[in-house]
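Peer 1: Position chain S relative to chain R; hints supplied.
Chains as they are written, first to last, in our numbering: chain R, 21 to 233; chain S, 156 to 341.
It is worth saying that the hints were derived from the structure and are not from the lab. Don't take every hint at face value.
Claimed, not checked - Output of the computed footprint for chain S on chain R, the stretches with three or more beta carbons under 8 Å from beta carbons of chain S: (1) 119-132; (2) 147-156; (3) 163-176.
Said to hold, decoys possible - Here are the computed lysine to aspartate or glutamate pairs in the EDC-like style, where the Cα-Cα straight-line distance is at most 16 Å: (4) R:Lys-220 with S:Glu-288; (5) R:Lys-125 with S:Glu-288; (6) R:Lys-216 with R:Glu-38; (7) R:Lys-125 with S:Glu-266; (8) R:Lys-224 with S:Glu-289; (9) R:Lys-220 with S:Glu-285; (10) S:Lys-300 with R:Asp-158; (11) R:Lys-224 with R:Glu-38; (12) S:Lys-237 with S:Glu-190; (13) S:Lys-300 with S:Glu-289; (14) R:Lys-61 with R:Glu-201; (15) R:Lys-224 with S:Glu-285; (16) R:Lys-224 with S:Glu-190; (17) R:Lys-125 with S:Glu-190; (18) R:Lys-34 with S:Glu-280.
The beta-carbon is built from N, C-alpha and C at its ideal position, and this holds for glycine as well.
Residue strings, one per chain:
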Amino acid sequence: MNRKHIDEIEKQMKLANEGLPEEERKFFADVIPTRVDPFNKYWEQFLNWARSRSLWMLAFGTGCGSTELRPLMTSRFDMARFGIFPRPTPRQASVFVVGGYASIKTIKRIIRSYEQMQGPKYVIALGSCTINGGMYYDSYNTINRLDYYIPVDVYIAGCMPRPEALIAGFNRLKEKIVAGECEGMNEYTDKFDWFKKNQKEIIKDWNMPDYNW
Amino acid sequence: MEQLVKRINGMIHLKAYNRQRDDLFFITVEKSQLELVLSHLKNNEGFTHLAFLQAVDFLEDSKFQLTYMLYNYDIRVNLGVKVLIARDKAEMTSIHKLWAHAWQYQRELHELFGINFPGSPRVEESFVLEGWEEMPPMRRDFDTKEYSERTFYQRPGRSTNDPKEYMKEKMYKNYAASPRIRRDDE
Numbered sequence: 021m022n023r024k025h026i027d028e029i030e031k032q033m034k035l036a037n038e039g040l041p042e043e044e045r046k047f048f049a050d051v052i053p054t055r056v057d058p059f060n061k062y063w064e065q066f067l068n069w070a071r072s073r074s075l076w077m078l079a080f081g082t083g084c085g086s087t088e089l090r091p092l093m094t095s096r097f098d099m100a101r102f103g104i105f106p107r108p109t110p111r112q113a114s115v116f117v118v119g120g121y122a123s124i125k126t127i128k129r130i131i132r133s134y135e136q137m138q139g140p141k142y143v144i145a146l147g148s149c150t151i152n153g154g155m156y157y158d159s160y161n162t163i164n165r166l167d168y169y170i171p172v173d174v175y176i177a178g179c180m181p182r183p184e185a186l187i188a189g190f191n192r193l194k195e196k197i198v199a200g201e202c203e204g205m206n207e208y209t210d211k212f213d214w215f216k217k218n219q220k221e222i223i224k225d226w227n228m229p230d231y232n233w
Numbered sequence: 156m157e158q159l160v161k162r163i164n165g166m167i168h169l170k171a172y173n174r175q176r177d178d179l180f181f182i183t184v185e186k187s188q189l190e191l192v193l194s195h196l197k198n199n200e201g202f203t204h205l206a207f208l209q210a211v212d213f214l215e216d217s218k219f220q221l222t223y224m225l226y227n228y229d230i231r232v233n234l235g236v237k238v239l240i241a242r243d244k245a246e247m248t249s250i251h252k253l254w255a256h257a258w259q260y261q262r263e264l265h266e267l268f269g270i271n272f273p274g275s276p277r278v279e280e281s282f283v284l285e286g287w288e289e290m291p292p293m294r295r296d297f298d299t300k301e302y303s304e305r306t307f308y309q310r311p312g313r314s315t316n317d318p319k320e321y322m323k324e325k326m327y328k329n330y331a332a333s334p335r336i337r338r339d340d341e
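Bound-form chain R, shown alone (with noise of 0.2 Å):
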């Protein structure tokens, strides 16, 4: 390879970072998110047999959905007794639990949020309104489906779905990241253009960095 051939390749690695201002598009990622590969077979193994152990939840309520998670975090269900625990921020979390409608306003916080999330990294879509948009179907303001915007590894169908329909939900995670099935981080990172693409299609007032670490 040349020294052209290098510079385009770099060219088509930079993000546009459209939203942001000039000054300030040197503090943010200019880099599009690469792909992590699993390990061998048997350390990988080990791996998600010790993340499907340990899932930190980030407690971020997007929508009327959320109201069932703080019967499940605390004494009744208490999740932690299935190893999952609230974090309140997304760098320190693994799931990301989006409850319910996603309006537009939210789905920009969720994909932020979610891009700073640190990988290997899981979204589990609760309610029917993530799935097709549920009774907000004709809403001018939620969108129907979320795995346009962010990769989902489980839904939970639901309207809403109960604590116990949660638990389930979150041991049938458990179950995927096991199988070594929950490459959502990578889906989203081989196909980052179609996801920014849907993205700002609805998002029309896009003022944040195009990826943020």
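Peer 2: Below, chain S without anything else, positioned relative to chain R:
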């Protein structure tokens, strides 16, 4: 309350008066006299609390109806002051000098109905819709279903049932055959 209405009627021309409950009344006033009525109610009649400011879209009459809901803590009475304004290039005088928190309601109405409130602080800022480019969505001629289908991705396979037929079919099959519920001893 009747005396209050009489007193206001002496001051200005009341277009309508409606008593809905013992503690809920509505009056309709002219657009130009609204500020006068509100400041009179606030300063002299004890209606010190503005509970909400709401708009209703009367598309057929091409009018917006604004309702200023006031509350009197002494006699515990709600009083709604209604005013009709024109729908195209809708504009209303701001009342943020009477009740400071009215700016928030006016900002909301500006965004969702497109009613102008000249002089109201921060009225141009977006409230719930960030970067909205269409017509104000709470106007009745805005087709929200069409917008949703155009903007968001539909998941195929969604179906709806006519609720009445569905109930007949699935839940009340026996009931539909004989609409009267039979007693056991019949």
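Peer 1: Now tell me if each hint is right for this structure.
Peer 2: Hints, verified against the model:
1. 119-132: holds (count 4)
2. 147-156: The restraint on the segment 147-156 of chain R holds, since 3 of its residues have a Cβ under 8 Å from chain S and three suffice.
3. 163-176: holds (count 4)
4. R:Lys-220 with S:Glu-288: holds, 14 Å
5. R:Lys-125 with S:Glu-288: holds, 14 Å
6. R:Lys-216 with R:Glu-38: holds, 12 Å
7. R:Lys-125 with S:Glu-266: Cα-Cα ~14 Å, so holds.
8. R:Lys-224 with S:Glu-289: Distance ~11 Å between Lys-224 of chain R and Glu-289 of chain S Cα, so the pair holds.
9. R:Lys-220 with S:Glu-285: With a Cα-Cα distance of about 13 Å, the restraint between Lys-220 of chain R and Glu-285 of chain S holds, given a limit of 16 Å.
10. S:Lys-300 with R:Asp-158: holds, 4 Å
11. R:Lys-224 with R:Glu-38: holds, 12 Å
12. S:Lys-237 with S:Glu-190: Since the Cα atoms of Lys-237 of chain S and Glu-190 of chain S sit roughly 12 Å apart, the hinted pair holds (cutoff 16 Å).
13. S:Lys-300 with S:Glu-289: Distance ~14 Å between Lys-300 of chain S and Glu-289 of chain S Cα, so the pair holds.
14. R:Lys-61 with R:Glu-201: holds, 13 Å
15. R:Lys-224 with S:Glu-285: Satisfied, since the Cα-Cα distance of roughly 7 Å is no more than 16 Å.
16. R:Lys-224 with S:Glu-190: violated, 37 Å
17. R:Lys-125 with S:Glu-190: Violated, at about 35 Å.
18. R:Lys-34 with S:Glu-280: violated, 33 Å
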